[in-house]
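K.L.:
The primary structure of each chain is shown beneath.
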Amino acid sequence: MIEQLRFWGIVVLLVFGLFFTFVSAVGVIRLPDIYARAHTASQTDTLGAGLALAAVALALGWDSMTIYAVLLLFFVFITNPTAAHAIARSAAESGIVPLTDETEVDVEPDPSTPDEGES
Amino acid sequence: MAAERVLIPLSDTVTVRQTVGYAVQSCPGEAETLEFHLVVALPHDMEMPEGQSLTADAEKLLSKAESWVREDASAGSTTTTIDIETAVLGEDEYLFGPRDYARTFDSYAAKHDIDRLVLDPEYQPGTTAQMLQPLERELESVGLAYDEAPVERPARHERLVGDGTERFDKMFAMFWISYGFYLVLGDPTYWFDLVTGAAVAGIVTVSLAHVTFTFPLDRIGSPIRTLRFGLYVPYLLFEIVKANLAISLVILRPSMPIRPTMTRVNARVRSGLPLLALANSITLTPGTLTVRADDQRLIIHTLIPTAREDLFEGSLERAVRFVFHGRKGARIPTPEERGDTEIIGGDEL
Chain A
1 MIEQLRFWGI VVLLVFGLFF TFVSAVGVIR LPDIYARAHT ASQTDTLGAG
51 LALAAVALAL GWDSMTIYAV LLLFFVFITN PTAAHAIARS AAESGIVPLT
101 DETEVDVEPD PSTPDEGES
Chain B
1 MAAERVLIPL SDTVTVRQTV GYAVQSCPGE AETLEFHLVV ALPHDMEMPE
51 GQSLTADAEK LLSKAESWVR EDASAGSTTT TIDIETAVLG EDEYLFGPRD
101 YARTFDSYAA KHDIDRLVLD PEYQPGTTAQ MLQPLERELE SVGLAYDEAP
151 VERPARHERL VGDGTERFDK MFAMFWISYG FYLVLGDPTY WFDLVTGAAV
201 AGIVTVSLAH VTFTFPLDRI GSPIRTLRFG LYVPYLLFEI VKANLAISLV
251 ILRPSMPIRP TMTRVNARVR SGLPLLALAN SITLTPGTLT VRADDQRLII
301 HTLIPTARED LFEGSLERAV RFVFHGRKGA RIPTPEERGD TEIIGGDEL
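Chains as they are written, first to last, in full-length UniProt numbering: chain A, 1 to 119; chain B, 1 to 349.
A hint or two may mislead.
Computed footprint of chain A on chain B; a stretch qualifies when at least three of its residues, placed anywhere within it, have a C-beta under 8 Å from a C-beta of chain A [stated by the list, open to error]:
1) 107 to 119
2) 240 to 249
Which residues of chain A face chain B? A partial, calculated answer using Cβ under 7 Å [what the hints assert, rightly or not]:
3) Ala-69
4) Ala-83
5) Ala-86
Here are some, though not all, of the chain A residues that point toward chain B, as calculated from beta-carbon distances under 8 Å [claimed, not checked]:
6) Gly-27
7) Ala-36
8) His-39
9) Phe-75
10) Asn-80
Don't read these hints as lab results, they were simulated from the structure.
Glycine included, C-beta positions come from ideal geometry on N, C-alpha and C.
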């Protein structure tokens with residue numbers, strides 16, 4: 001019973017991990033510019049790798065390898081934003097102007113973008 | 001026309017005033033013009049967070065030193081003309097360690113035809129690790145003549161005591177962190193790992209404790225902060241999952257309703273570790289991405305409106321403030337209420 005639960009737990013975690021990795025790959029293809037793509041690239045690392053590593057930890061059980069998996073996740077969580085920031089910053093520094101929908105907002109004021117800021 | 005040119009690197013030390021005084025005094029009286037080049041070398045480039053406040057500090061120090069030179073020179077001989085040049089060096093490059101400083105000073109000296117440098121014995125530019133060669137040796141190797149100002153150091157013994165406990169705290173923390181990490185990777189019940197771990201942790205402590213903790217540790221505060229950080233991690237994970245689901249929905253929808261915007265948020269967290277934690281957490285949650293960190297002004301790219309609203313509500317900022325300042329510190333108005341948020345155009349980077 002417990003073994004069965006564990007097996008299905010591993011399968012579910014892996015499937016969700018794969019799903020988020022897939023979404024992230026789709027995002028990299030579909031999104032328009034480098035800044036938007038950097039967002040979705042961080043998805044692979046956070047939930048994709050996170051769930052896959054959780055599956056690994058579950059598969060290994062109470063083992064010292066489990067600790068390694070958790071540590072691995074910890075380092076991924078530290079390095080991933082650093083890399084994303086480095087990409088975005090170097091893009092900003094080489095003068096890539098991000099696509100924003102400022103122009104569309106000007107034409108038709110959107111209720112979801114209240115013009116706060118100065119208030 | 002005998003001109004004497006002296007280069008004086010300044011840093012914010014207790015002996016900087018005496019060094020300037022010595023530099024003025026030590027110049028031979030027969031020289032017709034005295035040129036003092038006061039420079040501050042910055043370890044970081046301007047683009048770094050805190051870069052602007054560091055530069056402002058440097059300029060304050062330079063103007064103070066300039067008035068010191070005028071004061072000392074007017075007290076002495078009156079026949080010579082005094083010229084003072086000030087400069088901030090290393091704004092466009094990364095100075096790392098004494099060799100870079102020596103090279104920078106040498107190229108400045110060559111450009112301005114300076115033949116003597118007066119060095120403050122306590123000169124400490126930025127963060128310099130102990131293992132690197134001292135500046136004196138590097139100055140010798142680039143062939144720049146220097147002169148160490150004979151200064152009286154005030155109350156040295158007291159400072160050593162003060163430094164002592166601080167140093168002990170840093171080493172204590174560093175030792176147990178590295179020892180703990182070693183044992184987590186190894187086997188805490190095996191004597192070989194225990195012994196080698198102690199040796200490795202000792203080496204790491206001696207060589208890296210000063211680099212790791214650039215701030216003094218608080219014996220009660222630091223462990224509490226670590227515990228609060230433990231509470232922060234599950235909260236961050238929850239936020240990440242939430243944001244991931246929202247972004248996934250947007251990406252998979254055929255119409256892909258994204259609304260990318262550039263925003264500027266002035267974060268109310270201290271520079272250093274808190275700012276790093278906040279900027280990293282913001283980047284870690286999909287939908288918001290820190291593009292620039294310029295002091296506390298974070299420039300953040302947001303992908304969808306809900307992510308931007310979350311950002312402007314400042315829940316992550318409040319959580320980071322909770323980690324570092326406790327529950328009281330977390331009770332601040334949201335960035336939106338403070339007027340610290342702004343949507344900027346994409347070309348305003």
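K.L.:
Mind listing which of the numbered hints don't hold for this structure, in increasing order?
P.N.:
1, 3, 4, 5, 9
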